[in-house]
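A.B. asks: Chains as they are written, first to last, in the UniProt record's numbering: chain A, 1 to 89; chain B, 1 to 181; chain C, 1 to 981.
What the hints contain is simulated information worked out from the structure, not anything from laboratory work. Please note that a few of the clues may not be correct.
What the hints assert, rightly or not - Only some residues are given here: those of chain A computed to face chain B with a beta carbon under 7 Å:
| # | residue |
| --- | --- |
| 1 | T4 |
| 2 | D12 |
| 3 | Y18 |
| 4 | A22 |
| 5 | V24 |
| 6 | M57 |
| 7 | T71 |
In this text, all values refer to a predicted model and were calculated from it rather than measured experimentally. Beta carbons are placed, not taken as given, at the ideal position from N, Cα and C, and that holds for glycine.
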Amino acid sequence: MRITCPLCGERDRREFYYKGAALVRPAEGADLDVWHGYVNLRENPAGPLDELWYHEMGCNSWLKVTRDTATHEILAVQLASEAGLGGET
Amino acid sequence: MAELIAKSPCDGLLPVTVGGMSLTEEDPGAMWAVAPFNGEDKALSQALEAAHGMAFPAANRATGKAGSRAVWFGRGMALLMGPEPDAKLAEHAALTDQSDAWAVVRLEGQGAEDVLARLVPVDLRAAVFKRGHTVRSELKHMMASVTRTGPQAFQIMVFRSMAKTLVHDLKTAMEAVAARG
Amino acid sequence: MRLPGKGLNQGAKPITFAFNGRHMTGLEGDTLAAALLASGVHLVGRSFKYHRPRGILTAGSEEPNALVTIGTGGQQDPNVRATQQELFEGLEARSQNCWPSVERDVMAVNDLAAPFFGAGFYYKTFMWPAAFWEQLYEPLIRKAAGLGALSGEADQDRYEKAFAFCDVLVIGSGPAGLMAALTAGRAGADVILCEEDSRMGGRLLAEREEVGGKPGHAWAAEVLAELEAMGNVRLMTRTAVTGAYDQGTYGALERVSHHLPRRHSLKGSHLPRECFWRIAARHAVLAAGAIERPVAFRNNDRPGIMMAGAVRAYLNRWGVAPGERVTIFANNDQAHRTARDLHDAGVHIAAVIDSRHEAPDGGPYQVIKGAQVCDSAGRQRLESITVRSVKGEEKIQTDCLAMSGGWNPSVHLTCHLNGRPVWKREALAFIPSEGAVPGMVAAGACNGTFSTAGALREGAEAAAKVLEALGLKSSAADLPQAEDDPYRIAALWAVPGKGRAWLDFQNDVTVKDVKQAATENFRSVEHMKRYTTQGMAADQGKNSNVAALAVLADATGRTIPETGTTTFRPPFVPVAIGAMGAGAADEGFKPQRFLTSHGESDTRGAHQVEVGLWYRAAYFPKPGETNWRQSCDREVTLVRNAVGICDVSTLGKIDIQGADAGKFLDFLYTNTFSTLKAGKVRYGLMLREDGFVMDDGTTARLGENHFVMTTTTAAAGQVMAHMEYVSQVLRPDWDVRFTSVTEQWAQFAVAGPKSRELLDGLLDEEVNGETWPFMGCGEATLLGVKGRLFRISFSGEHAYELAVPARYGESLFRELLKRAEAMGGGAYGMEALNVLRIEKGLITHAEINGTVTAFDLGLQGMMSTKKDFLGKPMSTREGLMAEDRMRLVGLKPVGAAKEITAGAHLFTPGDSVERIYDQGYVTSAGYSPTLGHPIGLAFLKEGPDRIGETVRLVDHMRGADTLCEVVSPVFFDPEGDRARG
């Protein structure tokens, strides 16, 4: 599999570390149930999924990668710093 | 009074010559990570230009020349190689001394591209990876920085502690490439 | 038999080789199979299960029968396909799966017992008693059935792996592949052309036909010369593309030195045996050709029965006639070329048997139409066949039968991403479904287009399609004239009749086996495959798959497309594990990280241990010390009584700067760092988002916006990635920059009551409690070198950590040791470091094991209530603060057997030693020379409330069973006066 890093260009999957689904972090005072959902609950779609990948053996960017889990097609790649995943602070 | 003696990362490991290729240790001078603070990219680049004569490099590029180079070093960071950074840079960027953190070697000669093709999963052929181009990638299992410094010459960097593995892996690949003739 | 003047190897030099000890001569450019046939050798091996005599069936990598072993010991290669192995001077090959010889194989009795050995035989027979399977049945079966064997010795060969990149990967160099490469190359695309054969040209080397007004092979040679001269085309022979993976990644196996005498790859020479390529291609043209399929009839596996196309290849490429009296059996027009070519070369054609009534007449030889071969005879080589036609059965003397049931397009790679091939009725073949592999276009025979003109046209079209996608202009295809015969074929999979008719030669699967599978309701093609093992041998059923499922379709009353195919998976050809794992032997397995003190520690005889990738000194034995405990006890004592030196550079060090650095640390750590004064160090605890502890360590504030964090050695990489995550994903607006400085600084602990004295004269300034108070830090000049000093302690002693740029590390280590030894101290290693910290109840990742909370560690006081921090919401969950959680305590033995082992479990005395009564477990243990008894750290239910109680410690692994007293985890100097003083 190859992922196009917005900074480095197309790279082999071996350079990346996979974290999991890209979710928006709840606000600090959010209900525990919301936190439980954020930390523990995951959709498992056979289709497009927003994921976090870390270009560990490259430029150190965290990326939001939209990948079709059924075909491995990469639909979009974005720097995670621009993806608004930090939630309200 | 006793005096502390400096030792280079590849001390006792290099040089190595295989076929028409040579692997030598570089003395890069000072090495400082330069990471511009929020909104300071432009100001930093200007300060860098004024103090050291080279702009802050774009992604996958190196600026400057041998002895005074700024090598893109990953997200929001360049490695200034050669001069001690001008104090003014600190107004615009985090400066971190890395002079002792990296082993720096030079691989040169016919076949150098083929050697790297055995270790680095990135296209480093001359047509796409020209002089002044650089990548952050892996060399075998090590985080590495690879920069083309000449038609058949590359500067390769890995963590200092891995110098022995770097030389082992490069030498093994050099031997295999040379054996093919 | 070699025919003078025939073949493409005119003037090739003779080469001597040996087969089963018999010396023979072949020609340069021969495969082993070609040379054997030229020498009249047909019997090459014995079959997998029945030990039937087997010969050469094909002329390519799909060969199921002619597998040989080459080399011995650590250089032994089993299952080498004789049809691929190139001849070299001194080559020695041996038959497999036979004893004492291929001619007289004792296990051939299996063939007589064949009625018992059908599909499912093993499953039904060796079921009971269960214990017999591993001890008796399996070893017996393995001995009796099988192919080549490994030597059991370490592989002495070198392998390598490499990466390649291109715009267009062309797979196969027949007419379609050459035309595609030529079109793409001329347009300026970056092309790689891979061919698994040693010579490019594909079927053009095996057929007698004209392309562009010249012999096909000559046209191929011209194209190759043009391609070779292009700077943008890379030709890779002996390279089989083995797999298609996501986003245009392809695996390819290059056989680098299999064709060279062994000495070239021995020690001293660095030529690899094989190279496994990972090719990243923006587009690919699949021009992999097709594989001819046998027809199943009784005893169709006899040596001398070959594929018709292979016979043409041996004749036209290598000038070898595989027989003197040849018969042909086919259901298609193409196979008649075999008769034509052989006849023209002066070989006698006994008959052409065509299953079709409307078969063409051909040349001046007998063509029996509407007939089938229904049996063969001959001991170790074909002697006659039986032909059944409307006129009845007739025996024909023949020493070679060239058969053809049509061609199966090599669709394998198009199935690797889950693509399903589609049935093309007029070709009686599965062809690739379009777009099965994104970016890949199929052309020529692999696409079900079997004429040369069609292949050339599709090759050019495929390239044009790819060029368009690349945005390159292609010149109008200049297609050479070539054969454009229609592909005329009528279905014939298995000739009806009694006896065993082989489908899968390599795994000995017959028509009967497939029918039996259907009878027993293994109707799905995937079930049939597993029940009969059809297609599960090293050749993956390249010859047999389609015929087998046609038989299954027939037996289950379905059509072939209804029945469907099994899934082709990578690799297309067998790949040695050595090639896949190339470079990982010995030192290449993983990077080794060496401390600057490594050499000096070695000189002192230190025992080095791996800590992650690092090598650290475990202990430094002195003369007279006979085991590690003696060294460890001495080292602990010298730290407690004098001064010890330890390299602690492996701890992660992260330099943090920026206006929001303090805020950032407050978010990362449970406790507050923004209030830390410059020049001070604070211990911090980091949680994961789920509220459990991630790591701990100290962070020093060097300036207003400048911190340096230390992490544990174990979690250095994890913490760095975590910080990048927090900074980039969660808090991208904060102005903070950080970078690892682990490698920049060599850092040494100087620990013990005499540590301050040791520093006298080492630093430019005076060291006292005011200049360097406990938990103080700052820059310091050490023997003229600018470094850093931290007054922190992981031993509980008055201690410092000194950091200098790594280039001075070795020199400083020597100097520190010299001074320490003069004061009755010395070096201490990981073992002593561990005992020292256990004595003080300090934690490492033995305790931070992923299931532990701050509360469990007794550190709940470090969780700030005044600010938010990562992991805080989840850490407040009720269960994470429950009193009955397993919590940190100390243990000391009270029983007769005074032993504490890490990993032991704790029980209330009197309780049964069962999991449900488990009260906790020991995380760290050691012998404390300071206290004179073993000590341990453990997590115990309600631990801190049970101080003074007795628990039973049980370690089944090491046979320990002892009583322990629960004590405070801080065994030594609980007030901490020694470190502060």
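A.B. asks: Decide, hint by hint, whether the structure agrees.
C.D. replies: Here's how the hints hold up against the structure:
{"no.": "1", "hint": "T4", "result": "13 Å, violated"}
{"no.": "2", "hint": "D12", "result": "4 Å, holds"}
{"no.": "3", "hint": "Y18", "result": "16 Å, violated"}
{"no.": "4", "hint": "A22", "result": "17 Å, violated"}
{"no.": "5", "hint": "V24", "result": "22 Å, violated"}
{"no.": "6", "hint": "M57", "result": "4 Å, holds"}
{"no.": "7", "hint": "T71", "result": "23 Å, violated"}
Consistency with the previously given hints fails for numbers 1, 3, 4, 5 and 7, ordered from lowest to highest.
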